[in-house]
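There are 2 protein chains.
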Amino acid sequence: MKIGIIGGGAIGLLLAAYLSDEYEVTVYTRRSLQAQRLMREGLRLVKRGETKCISLQAMPFTKADISDDLVFVTVKQYDVAEIINRQNQFDRAETVVFLQNGMGHVKRLSSLTKKNVIVGTVEHGALKHDDHTVEHTGIGKIVLARLYGAFGQAANLAKKNIPDFPFEIANDWESVLVKKLIVNAVINPLTALLRVKNGELLKVKPYYEMMALLFSELKQVLPMEDEQAAWDHIVNVCEKTADNYSSMFMDISQQRKTEIDAILGYVLEKGKELGVPLPLSQFLFAAIKGMEERGAEHG
Amino acid sequence: MKIGIIGGGAIGLLLAAYLSDEYEVTVYTRRSLQAQRLMREGLRLVKRGETKCISLQAMPFTKADISDDLVFVTVKQYDVAEIINRQNQFDRAETVVFLQNGMGHVKRLSSLTKKNVIVGTVEHGALKHDDHTVEHTGIGKIVLARLYGAFGQAANLAKKNIPDFPFEIANDWESVLVKKLIVNAVINPLTALLRVKNGELLKVKPYYEMMALLFSELKQVLPMEDEQAAWDHIVNVCEKTADNYSSMFMDISQQRKTEIDAILGYVLEKGKELGVPLPLSQFLFAAIKGMEERGAEHG
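Protein chains in written order, with the UniProt record's numbering: chain A, 1 to 299; chain B, 1 to 299.
Keep in mind that the hints were calculated from the coordinates and are not lab data. Note that the Cβ used here is the ideal one computed from N, Cα and C, for glycine as well. A few of these clues could be false.
As a list, the in silico DSSO-like pairs of lysine-lysine whose alpha-carbon atoms are at most 30 Å apart [stated by the list, open to error]:
no.: 1; chain 1: B; residue 1: 128; chain 2: B; residue 2: 107
no.: 2; chain 1: A; residue 1: 205; chain 2: B; residue 2: 272
no.: 3; chain 1: A; residue 1: 128; chain 2: A; residue 2: 160
no.: 4; chain 1: B; residue 1: 270; chain 2: A; residue 2: 219
no.: 5; chain 1: A; residue 1: 141; chain 2: A; residue 2: 219
no.: 6; chain 1: A; residue 1: 203; chain 2: B; residue 2: 272
no.: 7; chain 1: B; residue 1: 272; chain 2: A; residue 2: 272
no.: 8; chain 1: A; residue 1: 203; chain 2: B; residue 2: 257
no.: 9; chain 1: A; residue 1: 197; chain 2: B; residue 2: 203
no.: 10; chain 1: B; residue 1: 76; chain 2: A; residue 2: 203
no.: 11; chain 1: A; residue 1: 219; chain 2: A; residue 2: 203
no.: 12; chain 1: B; residue 1: 114; chain 2: B; residue 2: 63
no.: 13; chain 1: A; residue 1: 128; chain 2: A; residue 2: 257
no.: 14; chain 1: B; residue 1: 257; chain 2: A; residue 2: 205
no.: 15; chain 1: A; residue 1: 76; chain 2: B; residue 2: 205
no.: 16; chain 1: B; residue 1: 272; chain 2: A; residue 2: 219
no.: 17; chain 1: B; residue 1: 203; chain 2: B; residue 2: 47
no.: 18; chain 1: A; residue 1: 219; chain 2: A; residue 2: 197
Not close to chain B: a few residues of chain A, all C-beta gaps over 10 Å, as computed [to be verified]:
no.: 19; residue: 23
no.: 20; residue: 87
no.: 21; residue: 223
no.: 22; residue: 224
no.: 23; residue: 235
no.: 24; residue: 270
Construct the entire structure; sequences and hints are all you get.
Structural data, given as structure tokens:
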């Protein structure tokens with residue numbers, strides 16, 4: 001089976017590293033320089049202090065005529081629209097997997113109904129060191145759920161049992177995405193604003209209170225079957241990634257655009273729809289927007 | 001007239017610098033080293049890039065038997081209780097002026113009813129460079145209002161018209177303190193959390209929205225005669241002190257205790273009294289408490 005991975009960020013490179021043992025993998029990057037480097041020097045996976053070198057195919061997405069059977073889209077949510085606009089480039093793929101944070105991109109996927117469309121969440125910790133080096137900082141899993149059609153070639157991945165890189169199949173795509181959204185809506189903005197590692201939200205008592213305050217607000221608009229389980233999941237992610245900086249923290253500190261629209265922006269839309277005031281989400285949303293704006297100025 | 005100033009912080013030193021021309025001033029410090037330095041090397045006032053050297057008296061407060069007619073208490077709010085416990089040391093003062101932020105200290109002043117007790121707010125910008133150097137970073141005024149008794153010797157100050165250092169007399173102590181409290185409750189925690197100068201709250205649009213959100217919450221519990229005037233005042237202070245870091249920002253960055261209890265702590269008490277939920281104030285209060293806690297750890 002041939003696998004295409006659109007996006008050469010931390011998640012795209014991590015997927016490429018783990019899938020290359022079993023499959024023929026091509027990474028489709030935004031910049032040609034990154035593709036060149038991956039082709040020439042290979043992909044380096046750093047794990048537990050050791051580095052493994054992996055050779056694979058790579059090319060810039062805009063020039064690609066993708067013939068892979070299974071395609072992963074790993075770009076940030078705000079770039080999904082651009083990928084969908086160029087869907088003729090992966091017309092031959094039978095199954096497409098979208099691994100974005102948030103929920104806002106789901107409505108954009110309706111033009112792909114002829115394919116198997118899978119959405120999923122990534123619970124791994126990954127840090128991109130440079131264009132051809134990714135570190136696996138926390139071993140988790142990838143959860144996949146059907147949005148349109150069948151699992152198709154994605155079903156094979158769950159059966160493969162790749163060490164340190166399990167795939168899990170779930171039934172209800174909405175509950176999969178919401179579960180991740182809740183985690184992202186709490187941990188990401190708070191760590192970015194307070195400029196701390198994920199674990200500090202548990203260690204510093206007033207920060208833990210901030211998490212709880214925010215969670216109480218979110219549960220008014222995000223569907224949770226089991227509130228206690230949702231809260232425990234947040235705490236569990238903080239524990240497991242205690243020493244990591246969240247992606248939003250990293251985006252802010254490297255003056256990149258964050259995924260705040262996909263995360264709290266979506267929450268605020270829900271609040272508007274339901275007529276529920278969400279002062280903390282509004283406040284945090286503005287804080288991150290302001291930090292982005294200032295970062296861009298200084299950058 | 002002899003004037004005593006309890007507290008050798010930025011405000012205490014600024015007062016000492018401006019009152020020494022006309023009056024015999026003694027500064028009562030917490031540490032003997034600061035008093036020694038002030039006695040030996042004098043007090044230096046930096047203003048518009050120029051430095052003026054002023055000689056005055058200084059001694060540690062704990063050893064002082066104060067004979068001044070007029071005493072200013074310029075310690076932080078959380079140290080007022082300790083000063084009141086030692087009120088026998090300034091028993092001979094007829095008039096005592098308290099220049100703290102917040103409102104919480106007012107109830108502690110009831111044991112001083114035999115004196116003229118004045119409370120006031122400082123609208124100057126002041127930055128303490130070292131134990132005997134203070135910079136006047138923003139020219140404002142000091143507003144005084146009677147809590148118990150008469151204005152006494154404090155009335156003279158308002159008549160004196162000291163250049164760049166005016167005193168204003170107001171009628172209603174509560175509205176004087178609330179006006180300052182509103183400014184402090186908005187500007188201080190936001191600048192400390194976002195780590196920006198006061199002016200950024202106006203320049204960065206999402207930060208301005210955060211100010212507005214917080215203000216809408218505060219006006220539910222703080223008495224404001226004219227809401228628009230109160231908001232305009234906040235904006236005006238941000239403009240006038242655009243290039244300054246707030247005292248709370250400075251406290252956090254220098255890993256000192258902040259005045260968050262006196263400011264948002266008081267607001268939260270009011271909310272409890274009135275049964276009004278204040279999610280943003282709670283959230284910000286926890287943020288600053290957490291930053292204090294972490295600072296202390298790392299210090």
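Okay, the hints, checked on the actual structure:
| no. | hint | verdict |
| --- | --- | --- |
| 1 | B/128 - B/107 | holds (29 Å) |
| 2 | A/205 - B/272 | holds (21 Å) |
| 3 | A/128 - A/160 | holds (25 Å) |
| 4 | B/270 - A/219 | holds (27 Å) |
| 5 | A/141 - A/219 | holds (25 Å) |
| 6 | A/203 - B/272 | holds (27 Å) |
| 7 | B/272 - A/272 | holds (28 Å) |
| 8 | A/203 - B/257 | holds (19 Å) |
| 9 | A/197 - B/203 | holds (29 Å) |
| 10 | B/76 - A/203 | holds (29 Å) |
| 11 | A/219 - A/203 | holds (23 Å) |
| 12 | B/114 - B/63 | holds (24 Å) |
| 13 | A/128 - A/257 | holds (16 Å) |
| 14 | B/257 - A/205 | holds (17 Å) |
| 15 | A/76 - B/205 | holds (25 Å) |
| 16 | B/272 - A/219 | holds (23 Å) |
| 17 | B/203 - B/47 | holds (26 Å) |
| 18 | A/219 - A/197 | holds (24 Å) |
| 19 | 23 | holds (44 Å) |
| 20 | 87 | holds (34 Å) |
| 21 | 223 | holds (21 Å) |
| 22 | 224 | holds (19 Å) |
| 23 | 235 | holds (17 Å) |
| 24 | 270 | holds (17 Å) |
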